[in-house]
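Protein chains in written order, with full-length UniProt numbering: chain A, 1 to 327; chain B, 1 to 249.
Just so you know, the hints here were simulated from the structure itself, not pulled from any lab data. Worth double-checking, as some hints may not be accurate.
[Stated by the list, open to error] Negatives, chain A to chain B, calculated, CB over 10 Å:
no., residue
1, Ala10
2, Leu103
3, Leu119
4, Gly125
5, Phe128
6, Ala134
7, Ser145
8, Ala176
9, Phe188
10, Phe197
11, Asn244
12, Arg245
13, Gln255
14, Ser293
15, Phe299
[What the hints assert, rightly or not] Now the stretches of chain B that chain A is said to cover, found in silico as 3 or more residues with beta-carbon under 8 Å:
no., segment
16, 77–90
17, 116–123
[As the list claims (entries may be wrong)] One side only, chain A facing chain B, incomplete, derived with CB under 8 Å:
no., residue
18, Leu192
19, Arg194
20, Pro196
21, Leu199
22, Asn202
23, Arg210
24, Ala213
25, Leu216
Bear in mind the structure is a predicted one, so any value in this text is a computation, not a measurement. Every residue gets a Cβ at the ideal spot worked out from N, C-alpha and C, and that includes glycine.
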Amino acid sequence: MSRESIVNAALFALLIAVPLGALATDEPFIITLATRAVILALAAVGLNIALGIGGLVSLGHAAYFGIGGYAMGILAFHAQSYTPLFEGPFVIEGTKLMPIIWLVAICGGALAAFVIGLLSLRTTGVYFIMITLAFGQMFYFFTISWPAYGGEDGLSIYVRNSFPGLNTLVPIQFYAVCFVLLCAVLWFNARLARAPFGLALNAARQVPHRVEAIGLDPVRLKLVALVISGAVTGLAGALFADLNRFVSPTMFSWQMSGELMVFIILGGTGRLFGPVAGAMLFVLLEYLLGGISDYWLAFLGALLLLVVLYGRGGLVGIFAGKARNHD
Amino acid sequence: MTEPVLSTHALTKRFGALVANEAVSLDLRPGEVHALIGPNGAGKSTLVGQICGAIKPDEGRVQFLGRDVTEQSTRTRARSGLGRTFQISALAMEDSVLQNVVLGAMGAAGTVWHFLRPAMKDLTIRQKAEQALERVGLSDLASLRTGEISHGQRRRLEVAVALTLSPKAFVMDEPMAGLGAEGTRELTALLDELRQEAPILLVEHDMDVVFSLADRITVLNYGRVIATGSTAEIRSDPEVRRAYLGEES
Ligand SMILES: Nc1ncnc2c1ncn2[C@@H]1O[C@H](COP(=O)(O)OP(=O)(O)O)[C@@H](O)[C@H]1O
Ligand SMILES: [Mg+2]
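This is chain A alone, in the form it adopts within the complex (with noise of 0.2 Å):
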């Protein structure tokens, strides 16, 4: 077992840990936080397939968050309201299903990152980046400005959605299930970053002019990386708003983007768990220190500072050394 392999086992053993353990000491609390931390990863795994793989430094993955959980957002609210989403020649009903929900906004996040990848990679760079961050924010603007659901106060909903044969009410079993998502997520990222894609992807990101020298497109594959990247990315947004049972504009503001990135820098970008490892810690930091001080932004900046000038790795890599893109 490589050394990767084996701070990968104590990361997802922790995952299986802590929220066990809470269960046993009745602490809810930190089943929820657990929770977080999950959702977040799953989200920053999916920004790690696009930026680990493909290296688009995309800073607008907010857009993709806010739709899944604008998509939960809505859904529920019709349902909820018991009023009809869409009228016409037929009916389109607002849900409360958990599966439906996640549907829903891994094909939205998926559009939204096809539209939003056929605009900006025709650019590269520090132009990517701007773009893809003046996308994530006209979302933010527009979700503010349209009242119908709930503009800038957001949209409230009572109860947590369903998933059959489940309580989704009871924390360890909400926990559970976004665990397994992301379990199966992470199992998809490793098969995806071996397969024949993503060695061209990878190539792609180092040497774009040779893989259209063996009759390949760099873009075209850029894109796809984008769409995947989207959909997990939205999923994680659906799941982050029946988490807090709200959905408002903040979730597609350019601060979520950063955070997301930063998740990825810190845990360790392209890494596998380097976006579990990084929201891990995150969640952590801002439950120990978010309390004692509301500069706490601050020392997680001086954390950053420190990752990236002396642990090029990320977190990952200082527990298991250098990467090994290969076998």
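Using the hints, position chain B with the ligands against chain A.
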């Protein structure tokens, strides 16, 4: 005369006021090594770029395998069998040596849109990739990271990646750049064998290499063809000797 595999017809490319290529016509025939020589800045890489599709010509046409490919993308030309090597190695440095050739074989076979099955376990692709490494003598280094191998080994890997495309023509931009005497000798021997598989348009500085490999030579200066002909003809062309080979008489 046999039909050329690859030809350019009056290719002209300007960068602002600079005419990098002016009405350059040349062809590449089956089984030959056609060397393209000329001083730095003569426009050799610009010509290679236009042949391979990375640079769009202002005027003129490119023909490959009897078709006009001037409007085709780099990708389409690569898929029809134009195997290119770059003047500056274009390899995925973070990946293993084997992964670089697997990537080439995957691109050629068009099997890149798979998301779950491991790339390195596709036996057909892998076999093709390993054969290419074998050809250039890099089999022993297959599992090393490309960033770790020597410059000379990378130059050979560059050729191996082109080989995975089973090319109908090679276009090599200074494959010997930066190689020592030993490396140059080895790569020269390899290219001499490769011409059986597909003809080679070879941009090269080293005149010993050019004279030992080339069947024909085209000399470029300030973007224009100043001479073209058999190796013997070029060797004795007075203008070439003056302008390029740096001889007094
Ligand atoms: N993209 C470009 N923009 C402007 N000038 C260029 C560009 N590419 C090449 N040139 C110029 O065109 C000339 C020919 O360059 P190049 O084809 O690279 O020469 P060679 O490969 O023979 O050394 C040089 O003067 C170079 O500076
Ligand atoms: Mg050149």
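Verification of the hints:
| no. | hint | in the structure |
| --- | --- | --- |
| 1 | Ala10 | 25 Å, holds |
| 2 | Leu103 | 19 Å, holds |
| 3 | Leu119 | 21 Å, holds |
| 4 | Gly125 | 19 Å, holds |
| 5 | Phe128 | 20 Å, holds |
| 6 | Ala134 | 29 Å, holds |
| 7 | Ser145 | 38 Å, holds |
| 8 | Ala176 | 25 Å, holds |
| 9 | Phe188 | 8 Å, violated |
| 10 | Phe197 | 5 Å, violated |
| 11 | Asn244 | 32 Å, holds |
| 12 | Arg245 | 34 Å, holds |
| 13 | Gln255 | 31 Å, holds |
| 14 | Ser293 | 40 Å, holds |
| 15 | Phe299 | 33 Å, holds |
| 16 | 77–90 | holds (count 5) |
| 17 | 116–123 | holds (count 6) |
| 18 | Leu192 | 6 Å, holds |
| 19 | Arg194 | 5 Å, holds |
| 20 | Pro196 | 4 Å, holds |
| 21 | Leu199 | 5 Å, holds |
| 22 | Asn202 | 7 Å, holds |
| 23 | Arg210 | 4 Å, holds |
| 24 | Ala213 | 5 Å, holds |
| 25 | Leu216 | 5 Å, holds |
Checked against the numbered hints above, the structure breaks hints 9, 10 and satisfies the rest.
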